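All chains should be built: construct the whole structure from the sequences, respecting the hints.
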Amino acid sequence: MPLLSIEDLAISFETDEGIVDVIDEVSIELEEGETLGLVGESGCGKSVTALAVMGLLPRPAGRITGGAIRFDGHDLTQLTSEEFSRVRGGQVAMIFQEPMTALNPVHRVGKQLGESYRLHHPDASKAEIRQEALRLMDHVGIPAAERRLDEYPHQLSGGMRQRVMIAMALSSRPRILIADEPTTALDVTIQAQILELLRDLQSEYGMSIIFITHDLGVIAELASRVVVMYAGRVAEEAPVEALFKSPLHPYTKGLLASIPRLESESKSVLPTIPGVVPSIDELPVGCRFSNRCEFAQDQCSQAKPALETASEGRTVACLRWRELDQDVVVSA
Amino acid sequence: MNDSPLLRVERLTKHFPVRGGLFLRTVGQVHAVDDVSFEVRRGETLGLVGESGCGKSTVGKALLRLHEPTSGSVYFEGEDVTQMDRKRLRALRRDIQIIFQDPFESLNSRHTVGKILGEPFVIHKVGTPEERQQRVARLLERVGLDPLAANRFPHEFSGGQRQRIGIARAIALEPKLIVCDEAVSALDVSVQSQVINLLLDLQREMNLALIFIAHDLAVVKHISDQVAVMYLGEIVETEDAQQIYKAPKHPYTQALLSAIPMPDPTASRDRVILSGDVPSPITPPTGCRFHTRCSHATSVCINRKPVRERVDVDASIACHHWERIESEPRAQTPS
Chain X
1 MPLLSIEDLA ISFETDEGIV DVIDEVSIEL EEGETLGLVG ESGCGKSVTA LAVMGLLPRP
61 AGRITGGAIR FDGHDLTQLT SEEFSRVRGG QVAMIFQEPM TALNPVHRVG KQLGESYRLH
121 HPDASKAEIR QEALRLMDHV GIPAAERRLD EYPHQLSGGM RQRVMIAMAL SSRPRILIAD
181 EPTTALDVTI QAQILELLRD LQSEYGMSII FITHDLGVIA ELASRVVVMY AGRVAEEAPV
241 EALFKSPLHP YTKGLLASIP RLESESKSVL PTIPGVVPSI DELPVGCRFS NRCEFAQDQC
301 SQAKPALETA SEGRTVACLR WRELDQDVVV SA
Chain V
1 MNDSPLLRVE RLTKHFPVRG GLFLRTVGQV HAVDDVSFEV RRGETLGLVG ESGCGKSTVG
61 KALLRLHEPT SGSVYFEGED VTQMDRKRLR ALRRDIQIIF QDPFESLNSR HTVGKILGEP
121 FVIHKVGTPE ERQQRVARLL ERVGLDPLAA NRFPHEFSGG QRQRIGIARA IALEPKLIVC
181 DEAVSALDVS VQSQVINLLL DLQREMNLAL IFIAHDLAVV KHISDQVAVM YLGEIVETED
241 AQQIYKAPKH PYTQALLSAI PMPDPTASRD RVILSGDVPS PITPPTGCRF HTRCSHATSV
301 CINRKPVRER VDVDASIACH HWERIESEPR AQTPS
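In the order they appear, the protein sequences are chains X and V. The first sequence begins at 1 in the numbering used here and counts up one residue at a time. The second sequence begins at 1 in the numbering used here and counts up one residue at a time.
Quick caveat, the hints were computed from the structure, so don't treat them as lab data. Remember, predicted model here, so these are calculated numbers, not experimental data. Do not take every clue at face value.
[Unchecked claim] Label pairs and their computed distance ranges (CB to CB):
{"id": "1", "chain 1": "X", "residue 1": "I19", "chain 2": "V", "residue 2": "Q243", "range": "49 to 57 Å"}
{"id": "2", "chain 1": "V", "residue 1": "R269", "chain 2": "X", "residue 2": "T184", "range": "18 to 26 Å"}
{"id": "3", "chain 1": "V", "residue 1": "A267", "chain 2": "X", "residue 2": "S5", "range": "29 to 37 Å"}
{"id": "4", "chain 1": "V", "residue 1": "I273", "chain 2": "X", "residue 2": "T80", "range": "43 to 51 Å"}
{"id": "5", "chain 1": "X", "residue 1": "P284", "chain 2": "V", "residue 2": "N151", "range": "23 to 31 Å"}
[Unchecked claim] Simulated pairs of lysine-lysine, DSSO-like, Cα-Cα distance not exceeding 27 Å:
{"id": "6", "chain 1": "X", "residue 1": "K245", "chain 2": "V", "residue 2": "K246"}
{"id": "7", "chain 1": "V", "residue 1": "K87", "chain 2": "V", "residue 2": "K115"}
{"id": "8", "chain 1": "V", "residue 1": "K61", "chain 2": "V", "residue 2": "K305"}
{"id": "9", "chain 1": "V", "residue 1": "K125", "chain 2": "V", "residue 2": "K176"}
{"id": "10", "chain 1": "X", "residue 1": "K253", "chain 2": "X", "residue 2": "K304"}
{"id": "11", "chain 1": "V", "residue 1": "K61", "chain 2": "V", "residue 2": "K115"}
{"id": "12", "chain 1": "V", "residue 1": "K61", "chain 2": "X", "residue 2": "K267"}
{"id": "13", "chain 1": "V", "residue 1": "K61", "chain 2": "V", "residue 2": "K125"}
{"id": "14", "chain 1": "V", "residue 1": "K176", "chain 2": "X", "residue 2": "K267"}
{"id": "15", "chain 1": "V", "residue 1": "K246", "chain 2": "X", "residue 2": "K267"}
{"id": "16", "chain 1": "V", "residue 1": "K115", "chain 2": "V", "residue 2": "K125"}
{"id": "17", "chain 1": "V", "residue 1": "K176", "chain 2": "V", "residue 2": "K87"}
[Said to hold, decoys possible] Just a few of them, taken from the derived set where beta-carbon distance is under 8 Å, the chain V residues facing chain X:
{"id": "18", "residue": "H215"}
{"id": "19", "residue": "A218"}
{"id": "20", "residue": "A259"}
Note that beta-carbon positions come from the ideal geometry of N, C-alpha and C, so glycine has one too.
If you want it as structure tokens, here you go:
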């Protein structure tokens with residue numbers, strides 16, 4: 001049984017243009033101890049899906065209109081906000097792109113790190129709480145931790161702040177860590193440090209990670225399984241090596257082809273996906289990728305493609321995936 | 001053909017004062033750019049890479065005197081930009097343009113796209129009003145937009161389309177050089193590749209030179225002929241774009257390259273992980289500025305600043321130990 005199972009999740013948002021289905025029948029499973037990559041471009045719904053799992057959808061604008069999020073025998077969509085706050089920060093924790101969204105700028109780092117320990121150990125002395133904060137900082141590789149405890153978040157570098165946020169997220173020993181673009185704002189050399197840290201902590205704690213990013217390089221490096229989202233739906237799901245070797249969905253194919261690569265010829269013409277990502281109030285009927293897809297036919301702008309099982313562990317939502325897959329084999 | 005470089009930058013330096021205390025006296029200097037020299041040839045692209053705070057954007061702005069250089073010279077077609085008066089400088093802006101990361105910020109949101117694109121022609125007194133309209137329509141078509149876009153406002157466009165508008169405005173007066181400061185960094189991958197292709201097309205067509213400033217090394221490599229790597233305000237290595245990715249010489253370039261996550265799950269992951277953060281540019285390390293994070297550093301690196309030496313036609317490197325490092329077998333093997 002998967003640790004977390006998102007089943008046919010539907011989320012709508014109230015906007016000036018009316019009610020929009022931002023997430024449409026998204027199903028994702030997360031196994032114990034694995035790293036699942038959730039990838040897609042802006043507006044694909046990857047972050048909204050994560051916020052729903054955390055019970056952090058902006059209200060009242062955002063609403064879950066269907067489906068279930070099962071974790072540990074409970075359907076999270078049915079929890080009261082009080083019950084949810086026990087799951088969140090305890091069993092499921094989240095880190096963000098901008099650590100300052102999670103850190104309080106007016107409190108010292110040490111105080112914020114000790115907060116969770118203080119909550120769970122109401123009788124702990126000040127010295128004990130400080131000791132725990134120090135241990136956490138050491139654990140995520142923050143040098144001169146003793147001094148940093150008394151600093152404010154703005155005194156830390158971006159990479160150090162990200163480490164502090166990771167330490168806070170892990171202080172309750174969560175079973176699931178949701179990481180939403182945690183390295184996107186960092187320089188590559190600092191990103192490499194943080195990815196290494198996450199890998200180390202995962203093997204130590206055995207937690208599951210949902211890693212959300214638009215960066216296919218980070219996905220290739222970290223994830224064992226990948227879900228590709230486009231315009232609020234799952235386009236394709238596959239083990240990481242299969243996805244990069246033989247993508248099935250035309251969107252995934254286009255995305256992988258359009259990344260400039262270090263090994264490719266300088267100044268050559270890059271393959272592109274025509275058009276732009278549709279805004280949520282202008283979603284195409286049928287397959288939401290149909291207006292940008294070079295393989296689209298009439299049927300694609302009429303019928304919504306179901307998520308089909310292509311092979312063991314692989315699903316794809318494209319009416320034409322079978323014949324397109326054939327074509328690739330023939331031309332290869 | 002004219003063989004002399006279009007742009008020659010010599011020992012460009014830009015320090016920003018740090019003020020503090022009761023009377024806001026200058027208490028220090030941010031060494032944003034220190035002693036930077038390079039050349040850009042006509043119709044070619046120089047990529048400027050490095051991590052945040054390395055000074056790459058300041059270089060771009062100092063060239064155009066959007067930041068007044070502290071010292072050094074910038075020769076554009078042989079004439080020193082740093083010595084130009086206002087009038088001459090304004091004329092120069094026909095030849096050198098700059099594009100920023102967020103085109104929305106640089107486009108006046110209350111003007112139609114037609115008015116925004118017509119502005120350069122008005123300022124530089126080009127053509128009659130009807131001719132200007134035609135030019136605007138041609139510009140829009142050239143960057144892949146519908147000429148009817150002229151009647152709409154910037155907020156009606158997506159990020160990629162807005163960057164196309166930004167590019168249209170930059171090429172309006174047929175410049176010889178465009179500085180692209182993180183011009184594609186904020187775009188989604190599928191749109192980013194469209195804009196890169198557009199820039200490459202325009203370059204070929206107009207024999208445009210580009211200075212492409214970005215932190216994404218794969219993107220820089222794709223669009224550049226030459227690459228200059230910056231660290232803490234200094235250029236540590238320059239090299240032909242193909243070469244630098246095959247055989248980086250400077251330990252910082254090596255670390256930077258090895259840190260890039262490759263979109264290939266089967267790629268080998270032997271990487272040089274740098275410890276710590278980039279030091280403060282207010283009090284940069286002595287000697288070689290990279291020595292605090294370099295695994296090859298010795299006492300000479302702490303005491304003496306390495307001089308950037310030319311090692312090939314288009315290659316230069318500032319490292320005391322590059323020859324020794326090159327002769328050692330490297331852990332990371334390019335696949």
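Violated hints, by number in ascending order, as checked against the structure: As far as the earlier hints go, not one is violated by this structure.
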